[in-house]
Every structure is written in structure tokens, then in C-alpha cells.
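**Q** Keeping their order, the protein sequence lines are chains A and B. Read in my numbering, the first sequence has 125 at position 125, and its numbers run on one by one without any break. Count along the second sequence from 1, add 169, and you get the number used in my numbering.
Just so you know, these hints were derived from the structure itself, not from any lab. For glycine and all other residues, C-beta sits at the position ideal for the given N, C-alpha and C. There may be inaccurate statements among the hints.
Partial pick of chain B residues on the chain A-facing surface, computed with a CB cut under 8 Å [unchecked claim]: (1) SER176; (2) ARG269; (3) GLU299.
What follows is each chain in one-letter form.
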Amino acid sequence: MDCERIEELLSSLLEGELSGSEKSLVERHLATCQACSSLYSALQETREALLGFPEVEVSESLISKLTAIPEKKKKFSFSLDFVLKPSLQPVFATAAIFLTILSFYLFNPDKKYIDRTIDQKIHLGYSQVEKLYAKAGSWTDRLADYKDNVLASLKNWKIFGGKKDEIKS
Amino acid sequence: MLVNAYSKRVFNMAYQFAGSYEEAEDLTQDIFLKLYHSLPKYDFGKNFSAWLLTLAKNHLIDSYRKTKWEKVNRDDFDEHFFIAENADGPEAALAKKASRKMVWKSLNHLSSDIRMALILRDIQDKSYEEIAEITNLPIGTVKSRISRGRVQLAKILQEKKEGSDGL
Chain A
1 MDCERIEELL
11 SSLLEGELSG
21 SEKSLVERHL
31 ATCQACSSLY
41 SALQETREAL
51 LGFPEVEVSE
61 SLISKLTAIP
71 EKKKKFSFSL
81 DFVLKPSLQP
91 VFATAAIFLT
101 ILSFYLFNPD
111 KKYIDRTIDQ
121 KIHLGYSQVE
131 KLYAKAGSWT
141 DRLADYKDNV
151 LASLKNWKIF
161 GGKKDEIKS
Chain B
170 MLVNAYSKRV
180 FNMAYQFAGS
190 YEEAEDLTQD
200 IFLKLYHSLP
210 KYDFGKNFSA
220 WLLTLAKNHL
230 IDSYRKTKWE
240 KVNRDDFDEH
250 FFIAENADGP
260 EAALAKKASR
270 KMVWKSLNHL
280 SSDIRMALIL
290 RDIQDKSYEE
300 IAEITNLPIG
310 TVKSRISRGR
320 VQLAKILQEK
330 KEGSDGL
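Take the sequences, apply the hints, and build the full model.
**A** Shown next, in the form of C-alpha cells:
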């Protein structure tokens with residue numbers, strides 16, 4: 001048996017997995033071959049070193065980070081549930097319409113024209129309100145005149161001590 | 170609770186594979202995130218522990234392939250974790266410590282698949298059947314990887330010892 005084949009069997013020898021005949025064959029080779037014997041010693045030393053590594057304790061900070069992971073997920077799913085509530089659908093629909101209109105306005109190439117139009121409309125509305133306010137003012141004046149006339153005519157009536165044809169000022 | 174039951178096992182696997190405490194903490198968090206995402210896919214007929222370790226093994230090897238940690242040195246294994254060994258005398262204890270240090274540092278010279286198989290067998294003391302289940306490989310392949318890994322590590326140890334003797 002050559003050294004290459006022996007090398008393949010050394011790991012099994014280490015674990016006691018070789019059959020009787022294989023074991024005696026390998027052991028005979030090791031007794032005569034210095035290189036394989038030295039490799040087997042190094043193999044034993046390596047395995048002993050690996051088996052000796054103890055389990056390391058996990059730090060408290062890592063434990064708290066790991067326990068926080070499901071909480072994060074829970075909070076995330078809760079917020080999603082909240083968003084998906086049917087009662088909020090009209091709000092989202094309104095918001096969607098508003099955002100669509102806003103996006104049309106913000107990204108329109110004729111934004112200046114729209115601004116001007118909106119400005120004109122606002123001014124038009126404002127002047128109409130002013131006119132309405134002026135009309136209302138003239139109506140109050142006319143009502144006051146009517147009131148004065150009615151009062152003057154009542155004072156001229158006989159039952160209130162006046163002469164019908166005489167105008168009292 | 171999953172964290173209490175499995176964090177130590179997953180963290181140690183990551184630490185032994187990556188060789189860096191900080192890296193192992195990050196990897197453990199990634200593995201637990203993946204675990205929570207994958208839990209709905211878990212088949213209750215399967216061994217949970219083996220399923221989790223398979224997930225951890227896949228993540229560790231994938232991350233290794235992406236970042237190529239083999240270029241990064243491994244941290245020194247914290248000697249505080251070892252119980253003082255003076256039964257064979259102080260010289261033997263020192264020699265053991267030196268070879269342990271060399272073996273730990275040399276683990277990153279092995280390919281990721283071989284390193285993982287060797288860690289599962291020789292550090293975590295798992296049976297070949299368990300390793301075959303975790304790695305989804307036939308037992309013959311697992312045995313061959315472990316054998317190759319041990320021989321490679323032994324040769325590295327021999328070279329390092331010869332190098333230190335020559336100085």
C-alpha cells in the first residue's frame with residue numbers, strides 16, 4: 001500500500017472505523033514510514049485541538065437584539081393591518097384623487113398658464129364678491145329710505161293726530 | 170422560545186466558521202431573520218434542529234462566498250473559555266495551547282464546504298448521519314470531506330511547527 005492510500009485511511013483509523021485487516025495493514029505501514037507516522041501524530045493533535053474548543057457564551061446584547069427581531073416584525077405587521085382597515089378606504093381614495101390632481105398640476109409643462117388662470121379666477125371671484133357687497137350696501141340704503149317714508153306717511157294719518165293732506169316733516 | 174433554545178448553537182457555529190466574534194454576531198442576527206422569514210415553510214415532519222442548522226450552514230457558506238473571508242485573519246480564540254490544563258504539566262499545557270491556536274487560525278485555509286463538515290464533526294461532535302442531514306449530502310461524501318479536511322489541517326500544523334522550529 002502506498003502513502004497516498006494510507007493518507008486516505010488515517011482519518012478512519014483515528015475514529016476506529018477500520019476493519020481488523022485494514023487496521024493492521026495501516027499500522028504496519030506507520031511503523032515503517034516516518035512521513036505517514038508523523039502525519040498521523042499531527043492528525044491526532046489536530047483532532048484533539050478541535051475537540052477541545054468549548055462552546056462560547058452568547059453576549060447579552062446579542063440576545064436582546066435577537067429577541068427584538070420578532071417584536072419588530074409584529075409592529076410592522078400591525079401597522080400594515082391598520083393601513084388595510086376598510087373604514088380608511090374613503091380617506092385613501094380622497095387622498096389618491098388629491099395627489100393625482102396635485103401631480104397633474106406640479107408636473108404639467110404649462111404650469112405658468114395654470115397659475116395665471118387660477119390667479120384670474122381668484123381675482124374674478126374676489127371682484128364678484130366686492131360687487132355683491134356693494135349691492136347689498138345699496139339695498140340697505142334703499143330699505144332705510146323706505147322705512148323713513150313709511151314713518152312719515154304714518155305720522156300724517158288722522159288717527160295719529162295729523163292731517164292727511166299735510167305733510168309733516 | 171427560539172432565541173433561548175438555539176442562539177448559542179447558531180452563534181457558535183457562526184463563530185467557529187467565521188473566526189471573528191463580531192462577524193459571528195452579525196451572521197447570527199441574519200440567520201435568525203432568515204429563520205423568521207422561513208418558519209412558514211417549515212415542514213413539521215422534519216427535525217427542527219437539523220432544519221435550522223441547514224439554514225445556518227447555507228447562510229454562512231453563501232456569505233463566505235460573497236465576501237471571501239478567507240482573506241481576513243481569524244481572531245484569536247479567547248483563552249478565557251478554556252479550563253486551566255495542568256494535568257500533564259505546564260509544558261504540555263503550553264504545547265496544547267500553541268497547537269490549538271495554530272489549528273484555530275488555520276481553519277480559514279480550508280474551503281468552506283470542508284471547513285463546515287470538519288466543524289460539525291470535530292468541534293461540535295455531531296454524528297455522520299446528522300452532518301449528512303444538515304449538509305444534504307450522502308454519508309460517503311461527508312466522510313471524504315472530513316478526512317480531507319483533517320489531513321489538510323494536519324499538514325498545515327506540521328508546516329507551521331517546522332517553520333517555528335526553524336526560527
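**Q** A separate judgement is required for each hint: does it hold in the structure or not?
**A** Each hint, compared with the structure:
no., hint, result
1, SER176, "holds, 5 Å"
2, ARG269, "holds, 4 Å"
3, GLU299, "violated, 15 Å"
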